[in-house]
Structures are given as C-alpha cells and as structure tokens.
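J.: If you read the sequences in order, they're chains A and B. Numbered per this note's numbering, the first sequence spans residues 411 to 1064. Numbered per this note's numbering, the second sequence spans residues 411 to 1064.
Treat the hints with care, as some may be off.
Same chains, same label: a pair holds when it works inside one copy or across any pair of copies.
Unchecked claim - Lysine-lysine pairs mimicking DSSO-like chemistry, simulated, CA-CA at most 30 Å apart:
| id | residue 1 | residue 2 |
| --- | --- | --- |
| 1 | Lys1032 | Lys719 |
| 2 | Lys671 | Lys1032 |
| 3 | Lys541 | Lys659 |
| 4 | Lys571 | Lys819 |
No wet-lab data here; the hints were simulated from the structure. The model shown is predicted, which means the values in this text are computed figures rather than measured ones.
Number of protein chains: 2
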Amino acid sequence: MSNDKKIHPHPLELSAVRIRDDYWSAYVDLIRDTVIPYQWEALNDRIPDAEPSRAIRNFRIAAGLEEGEFEGFVFQDTDLYKWLEAVGFSLASHPDADLERVADEAIELIGKAQSEDGYVNTYFAVAEPGKRWTNLVDCHELYSAGHLIEAAVAYVQGTGKTKLLDIARRFADHIDAVFGSEPGKTRGYDGHQEIELALVKLYEATGERKYLKLANFFIEERGREPHFLLEEWERRGRTSHWAPGVVQKMPPQMAYHQAHKPVREQDVAVGHAVRAVYMYTAMADLALHQGDVSLLEACRRLWRNMVGKQMYVNGSIGSTHHGEAFTFDYDLPNDTNYSETCASIGLIFFARRMLQAEPKGEYGDVMERALYNTVTAGIAGDGKHYFYVNPMEVWPAASEGNPGKHHIKALRQKWYGCACCPPNVARLISSLGQYVFAAGEDTLYAHLYIGSEASAKLNGRNVRVRLESGLPWKGAASLKIAEADGAGAFTLALRVPAWSQESIFAVNGERISPEIRDGYAYVDRDWREGDILSVELDMEPHRLYAPTNVRANAGRVALQRGPLVYCFEEVDNGATLQSISLPSDAALRAAVQLDGSVLLEADGYRMTDADRPSSSLYGTAKPSREPQRIVAAPYTRWGNREPGEMLVWIREDR
Amino acid sequence: MSNDKKIHPHPLELSAVRIRDDYWSAYVDLIRDTVIPYQWEALNDRIPDAEPSRAIRNFRIAAGLEEGEFEGFVFQDTDLYKWLEAVGFSLASHPDADLERVADEAIELIGKAQSEDGYVNTYFAVAEPGKRWTNLVDCHELYSAGHLIEAAVAYVQGTGKTKLLDIARRFADHIDAVFGSEPGKTRGYDGHQEIELALVKLYEATGERKYLKLANFFIEERGREPHFLLEEWERRGRTSHWAPGVVQKMPPQMAYHQAHKPVREQDVAVGHAVRAVYMYTAMADLALHQGDVSLLEACRRLWRNMVGKQMYVNGSIGSTHHGEAFTFDYDLPNDTNYSETCASIGLIFFARRMLQAEPKGEYGDVMERALYNTVTAGIAGDGKHYFYVNPMEVWPAASEGNPGKHHIKALRQKWYGCACCPPNVARLISSLGQYVFAAGEDTLYAHLYIGSEASAKLNGRNVRVRLESGLPWKGAASLKIAEADGAGAFTLALRVPAWSQESIFAVNGERISPEIRDGYAYVDRDWREGDILSVELDMEPHRLYAPTNVRANAGRVALQRGPLVYCFEEVDNGATLQSISLPSDAALRAAVQLDGSVLLEADGYRMTDADRPSSSLYGTAKPSREPQRIVAAPYTRWGNREPGEMLVWIREDR
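In isolation and in its complexed conformation, chain A is listed as follows (with noise of 0.2 Å):
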C-alpha cells in the first residue's frame, strides 16, 4: 500500500453523480421532497404528536436569542447537524434556493451559539457551563463535533459556502488545542466515537493534515492502559451523566465503547454497534491514508468477525437492544434483535471505505444486502414512519404483552426523542450516488446496480457514463459510455453479485467472458461513445441456510431473490407465521406485481390444532396439517400494509 490516494479506487464527487433509477429515485426524491422539509418541522417542534426534537430551541437559547432551558438528549445538537449534512448531499444534485436560504439561516444561528474559542456545543453552553469535556464517556461532545465536522463538508461540496465549515474548522482546532498526546493536552477520546471519521472528512476537504493526525491519535488512544474513560470517571467521583447524583457501583464498561483494548489488536466485533462500525470506518480511513498495513489487516479481521459471525440476513448488526450492542459470534436471536437502522448505514461506511482499500465483492455484497433489506426497511413509504429497530420475527401481541420484546415495533414510529435514524437514513440516501461508483487511475468500478450518471477521467480520459438496471426486479443491467473524449484503453469493473449463480456479459450485445476477479468482471477496452457493457443476472428465487450454529434458525430457511431478502407478513399468509412451514423441494415461484415488484409464493403448509382436545395445553395429538399457498413479500417493505405478524426464517420441511 502506499499513501497515495489516487492508487486506490476513490468515490465519486457527489456532484459527478446523479441518481436515475426506477427502484431509488422513488426513494432520492422521498428524502428530498418529504423526508428534509418534514425533519426541519422535526426539528422546530412541530410535528404533532411525536416527541419533540428541540433542537433548533436549544441552538437559540445558546444562541441568547431565547430564554429557557435545555431540553433533549446531551447529544440534541446532532439532528441539525445530520439535517444539515442531507441539505448539503442533496442541494449538490439538485439545487433548490428556498432550501439552501433556511439552511443557511440554521447554520447561521448555530454560528451565534459557537464560544468566542471555537467550541459549539449548546447543552454545554447551557445546562452545565463549565462542564465542557468532564464526561466523555456520556456526554458525546466529541460525538457531536463529529456530525457538525460531516454537516460542513457536505455542506461545502453542495453549495460552495463555507460558513459552516468555518465554523467546524474553528471547533476542529480547538479540539487539536485540547487534545492529543502532547504535553498539557488530554490523552482523551469520546465514548461514541464519530470525531474519527468526520475529522478525515475535513481533511479530504481541507488538506490540512492536522486534521488528519488528530483523528489517528483519537484512534490510537483508544484502548490504551490505563483507560482514560475509567480515569475520567475516577475524577469525576464515579457519577453517570444518566443518573446525576448516583454514585455508580459500576464503572464504564469498556468493551461497549470499543475500549477495552488498542484497536489495532481487536478481532471480534464488541459492544455498542454504531459506534463500532463508525470506528471501523475511521480506521479503514486511516489505513488508507496513511498506508497503515496493520490498522488495515485489523480491520479485515473486524469485517470478517462481523459479517461472517455476527451478522443478520438484512445485513444488520448488533443482536440485543441492551446497549444496542453486539453480543457473541452466531448468537443472533431472531425475536429479540436489535439491528438498529444506523448501525447498518454505519457498516455501509465500513464497507465502502474497505471497497477503496480492497475492490472485493464481498464487501459490495454486504454494502448491498444492507442498503436494500435495512436501511430502506428503516422509512416507511410515507418518509415520515421510521424503524430503528428491524426485527427478524414480530409477534406485535409480544411486542406489547412481553417486556423482553418491548423495542420491537410492528409500526414504524413518527418520530424519537433520540431521532439518530431518521436524519441518518437522510443523509445516506441523499448521497447515495458515493456509494455507487469508484474510479481508480483507469477503472471505474460499479459497487451498486443503481441506475444513474456519472462522470470521472479514466486514463486521461474525459468520461460520462449511464448505469441502467433493472434492480431489484430485474436482473438486466448496463453500463454506456454516453461521452468520452479521447482515446486509450480503460476499464469497466461491475460487480459479480454472490447471489447471482450465473452471470451473463455482453459487450454491444456480444457475449464476453470478462476476468472476473475477487467478485468484480474487469473489461478493458479502449472504450468508445455509444459502447455498451451489460449484465444479465440470475433472479432466480433462492434459500438461504445459516450454519448450524446459528441455534435460531436450525432447520428454518429464508428466502432471497436478487439483492433482496423476502419474509412472511400475516397480512399475505394469516396469523401464527410459526405455523406454516415450505418443503424443500417446493419451487418458489416469482408473481410480478402490478407496479412490477416482485412476490415470491410457494406450496407449503399449515399445522393446525383441528384434530386437538382443547382442554390442555400440552397434548399427546401430533398437529394435523393441510396445504397452504404461501407468500413472501420483500423485507425492506415489511409493515407497510396492515399491521401484524412477520418472519424472516420459516420452518422447512426437508
């Protein structure tokens, strides 16, 4: 590896890319219509019914423009930083002058609530001046710069204003005045990480490699003895931000906030999901720039750990809500799952920043399986209904009737006191087009089937393509040269989708059999105006078995058809999901739908208590069973229809 950036594929400029595409569009133009303006009334109180976000009147308070107090979580700051940065991703394809005005009015008053040194923070400012970095393991102060830092540069790179990364550079400084591992600086870092990888942002943005360096010393300090989370707490006279005044029997417990050792030694995926991957991502990062081939390996032994032990069929992480953590290899319960919206946009991140260190498919697969199943599972059709929580099996009278199943929502909620996921999903799609192509020196890589534009210079080359797919419906996908100056030979690279057994090329309606390498079909050619790489793909409908030590779903199946994992909703197959059960040998037939998404139907069956006594509970008579049609509907769509029950992995008769 070398630290030169330019060797590795590199995504896009946002502003190079614009999404046209019959499945996302649909979801592009959600974010941008619906999602943005109905989060600014979030933001202003003014939703009915939901919980306030009351940030935008903290930000005024701090500002001196209102009088009151502090409302909301210690880390409220954040909604408008992350609705800052799907502004800045979504104006830098789709300009619109009446939303970069209120845009511009909120980073002004976040410019009147920042300190004379820099420092932003308004539950500091105004719930406990004077407490500034005294509890980073609660508080997410560095947590919050973090998503003022990210907000800045999208912001920059979307409309070329730089007022609000004048002020993220203001707070970035004093926080490398603060911090750091000189004399008379704090061998510090924050509980929830999220500094780490906002810092590389702004020096990507900015060049200046202090930027740079801070984020690595953030990451090196971590995990070192002896713990300067436990020190703080020492300091601090064993008191939890939680629960003021208690002096807490319990330290901090480091392994949650990926703590309990140097990161470089880590090779299990612990603790607190989203701030892992946001780890993850930083360290990725680093590696990258700073050609680190340890941090890096550290890394692949992360992603291997999590992916290929630790991971949900939806390319969800973290198997329990408490703490909305991790918990051990192949433990992954499908009732009680936590597998938080954020955490899978969080493994995104990891997965594109592995991308531009390795092209492997693997990491597109899981970037894929995420950004279809999770992440869009996460809003609801109407933008304004969200999942945090996206739960493998629902039993909506257990959600309500049992308290270990309480976070399991059958309805997607208007709005949470801690609205991390909302503004999250936002910002993800808003910049969905980085996800979808990388250019190297002279490759251009496809991560993504994600119909779209795109332009970059390849070998010298002045070159705009079209992305067309069918995705997820329809396995035909392709890949024009719309413009390109010039001549010489580069390369198209697609990614060759795990789930697509057999995988048909064509150049201009010529079969190839490109070099398919690590997951990727590699075609160079001196490409010319007008060529035409295309893919067919296998959408046959398919079963997927997890090992045997996943103990949850021994002798259960779940069912995929292109990137998209199926489940089973009472609404389309009755109450008691547990009940029905699909043979083996069952053909699983695709039934295109009016709006040509695709349902999966298939002959199984349904036991039944016919031919059961009712006056015990448990009974001698074996369940009758008799012949039902059975439907699977794609996950990511689950409950938006009538509210009820839903599995992902059915029982199989072998």
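Guided by the hints, dock chain B onto chain A, whose structure is given.
T.: Only chain B this time, still in chain A's reference frame:
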C-alpha cells in the same frame, strides 16, 4: 358448597403421614440432613463464597444483642421464618432434639426482636424506625408477617411448642388492629401477597375466626378503587424503596401486584407469578372455609387461564424475568422464561386447595408435574446449590454473552442474596406428606404416588394404609390396608394420571374396573386389613405437543415418561442441540440405568455443515444430516453432570 370443612377432603396432619419412598425419601433426607443444617449456616453468614443472608445478624441487632446496621433485602427476616417452617415440618415426622434446640434459640431471638405492641420486622426496627406501614407496595411487611405465621403454625404442629405461635398471634393481633374496613383502620393490603394464606392457617391452627376475617379483608380489599397502593405512593411523595430519594415518573403497576381489579373479577393470571399463586391459594382457602361459590369460580377461571395458557411443560410459570412475571396467553418462550422455583411451589399450594374444593385429576396432574419436574430441578443433588430460574433451553454462552439471558444460569448457585427459593423448596419437601393424601368423611384420596404410610379416620374406622409406588421409574403402585379397626365400607380414590394412557386396577390381585370420575378411580368396599388396591400405570414414553399458537414450540416436540418431562443435554448429545431432530415415527426406547433411573433413546438426526463452504454466514447449501442416537434425561436432574447446553423442545422431523 357448605362452610363445613369436613365435607371437603382435607390433607392429613403431617404427623399422620410418613414418607417411605425409593425416590422421594432421598429428597426428604437431603432436606433434613443437609439442606436444613446448610441453610442454618447460610442464615448465619457462614457459607464461604456465597452471598451472605444476614438474617440472624439483623435479628440480633433488632434484639439489642449486637450493634450494627440492617443489611440485606427489606424482607430478609423471611429467610429465618421459612427455615423455621421447614424445621417445624421436619420435626413433625422426624424428632431431632439438637435441631429443636437450635430452632428454639432462634425463636427466642425473634421474641426479643418483637416490639411491645407485637410488631416484629428487623428492617423497620433497625433501619427505618417510625416508617412502619408507609410503603406496603415495596416493603413486604405483611409478607414477612405471613411467613412468621406460617413458621409458627408449622412449629407448633411439629413440636407442640407455642412460643413462636404466641409471637405470631401477637403480631397478627397487632395487624388486625391496624388493618381493616372499620373506621380508624387502614384499608390497605400488601404489595406481595402471603399474609392472606398465612392468616387462614392461623385460623385453622387456633380456631380464631378473626384471622379468617382479616385474610378475607385483605383479599376483598385488593384491587378496589381508589387503589390503596397508588394513594400510598402519592402520600409518600411518589418514591420507591428501591430508589431512595428519587421521585418516580411511573406509578407502581397494579397488575404486577394483581391489584388492577377486584380479585373476584380477575380471569387472567397477570403480574409477578409468585404473588399471583400465593393470592390464588388464599382465595381458594377462603372459598372453602366460607363456602363462597363465586370466589371459587374466580379461582377456577384463574386456574384455567394459568394452566391452560401460560404454563410451561415442566409445570412452571412466569414467562419473563422482567418482574418475574406472567406475560400473556400462549407466550411461552423457551430461552428467556423465568419459571421461578418458588412460583411452582405456589402453584402446588393452589392446586392442593383446589383439590380440597373439588377432587379433580387435573389439579393433581399439575401438582405432580410441578413437583416432579420443577421443584426438584430447583435443588442440586448435593442439597447446596439451587436454581431460581428453570429454563426450557440453555446455551451457556448466551447466558454469559447475551444480557437478555443473564438470568438463565447453566449451573445451580450456592445461595442468593434474595434467598427465596432454597428455603421454599425445603419447606415444601419437608411437608410433602400434606400433598400425598386427603381424607373426606369416608374417602381416602391418594393424589400423588409417593410411597408412604398414613393414618386416617374413614367412616368412623381408624385406618392405617401403606402406599407403595415405583414412580417415577416404574408404573406399579399399590395401596395396602395395613390396619383397620371395626367394619363398614369406605372408599379409596386413586388419581389416574392424565399421562397414563391405560391404567390397570386390581384388588388383591384381581383385576377390577373401578368407577373413574374426574380423573380419580373410586373403589368402595368394606376394606379389611391386608387388602391391597393396586394399579399398573402406563409408562410408555410419549411425545407432547403444544398448540400451534405457542409459537416457540412450532415444529417441536417434548418427551415425557410417567410424571417426568425429559430434556436433551450436551453431555449426552454433543453441543448445538438445535441441530438434532427426532423423526415423528422414531421409537422411544426406555433405557434403564444401574441406579434404576430411566433415560430415553431414539434414532434421530444431526444437521452438519459438512457440505458448506465456510466463507460466508448465509449460503445456499442446505445443511446435510447424519443419523445420531439421541438421548433424553429427566429434566429435573439436568445440569447435575458436566455443565452445558440443555433443551426440552426438540425439532421434529415429520
């Protein structure tokens, strides 16, 4: 119904029954020889590496014999009371002068800790004097009083000594002066039911009706609006004993305390399971003693709901550890259940009262199921280790690594700070004789097949019987008339267990076809000395199925033989028990062990990942399977060999 107790078959005096049983005598001896002495050590904080009880120390401080602070739970006194109750029971059938001297000294100590006005509770004496009766929802004051009363009644029955009874009566009289519907008294009741059933026992022991009336008051007052427990919470400033100084947002939940509506109107078992069954027991007692038909009907409704919709196959209850509580109908998760040992003991209390009200086999069946499978599972073979929680499925790694399963222990524990279950097991097993027989005017019922000798008066004749039983391993049992004076017919009634598909009866070796009514076989005869009524119960191993709406058991089967439910352990079957399956047509073979116990064997299968590429977590390769001889062992003994996985409901291959 009448209020004449004689009409209902009542349990025999403990001194009239002596257990002599190949299976149960070992438990009775274990309690007497090991558990009672061990628990005395525990009460005195002399068990190394175990959580201290502090019970004796608290009494010494309250009695002014020692300086110090109160330690332990607010209901810690009950550790000593339950121990004394077990001692009383044990002395009834097995006098032991040394043990009696130790117990007398402890009683002496309780007397010294009693206030002038009769009140006794070391927590309020030492830690919060002046705060009596200010927090009934949390502080278990009446609950503790109830255990004092139960101990006193057992001790007078076991020894004839009235000192503890005098202490208890003085306290009960004090309580009667404080609580009641009369003007000037508090219309309140305890957060944890127990006083009610204890007061009925006090009435039975003394003939003093005011105790029955007070029990009735507590039962009838419960659930009336305005809710006493809520008003008390308001008066206290919305605080809880469990979070001192914190003003709570959430009021106490009335359903948790079974106080959400008047008990007569309740029809679904809700809330904390132990509290529920203690209350139902008192309700049945009151229905019996007062000839209260509508109260009995409420008991029947609650029984049917609990046993028909919320009971595990091992006779345990409480589907969640959150509040050690019921959840809702048919919610019976196998890997997160609570199924507290104490709750099954309370279920047995309730069943025995229902058997008095109406001798129906279903009550005896549940009593037997809970006793043979959960109560004895709660205690290790060494008498020094206990399960509080009785899971249906254990994966030790998940108990460690998944916070939602921390309550599931793979190993019995030495002693708990909240030591409810060990002394509860001790008092139940040392009073087992009260559960085997019941005598009506002219009928002797054998509810359980536990070898024993018993004396009863039947139709004016003094009769001594000898019950012999091969259970739980062999199905032969007999009831012999060892002595009988005079002449005249009386009836022997043997329970016909629901698990016995065919039961063959004989008198003096000659086959008979007795009248079978509501699960009992009635044989009316002028019984003479030496007559033997015998039965051969069907010990064929059989499969049990749950109804299809028990989602956790879909496609699964449990095994039972005689009264014992079986389970699969890692030590017999290897790890990953979910990988094994049992064909629905596989023969179940009883394998008799050297000690006479019986394992079950069958030809089943194990799924393997042999054909599976190891790279990714989810793949299209269907797991292959190979034949495996699978072995099931009695659930009640699980975890007594090498620690490992355990599973009750195994996957069935149709």
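J.: Hint by hint, say whether it matches the structure.
T.: Each hint tested on the structure:
{"no.": "1", "hint": "Lys1032 to Lys719", "verdict": "between (36 Å within a copy, 18 Å between copies)"}
{"no.": "2", "hint": "Lys671 to Lys1032", "verdict": "neither (53 Å within a copy, 38 Å between copies)"}
{"no.": "3", "hint": "Lys541 to Lys659", "verdict": "both (23 Å within a copy, 27 Å between copies)"}
{"no.": "4", "hint": "Lys571 to Lys819", "verdict": "neither (41 Å within a copy, 59 Å between copies)"}
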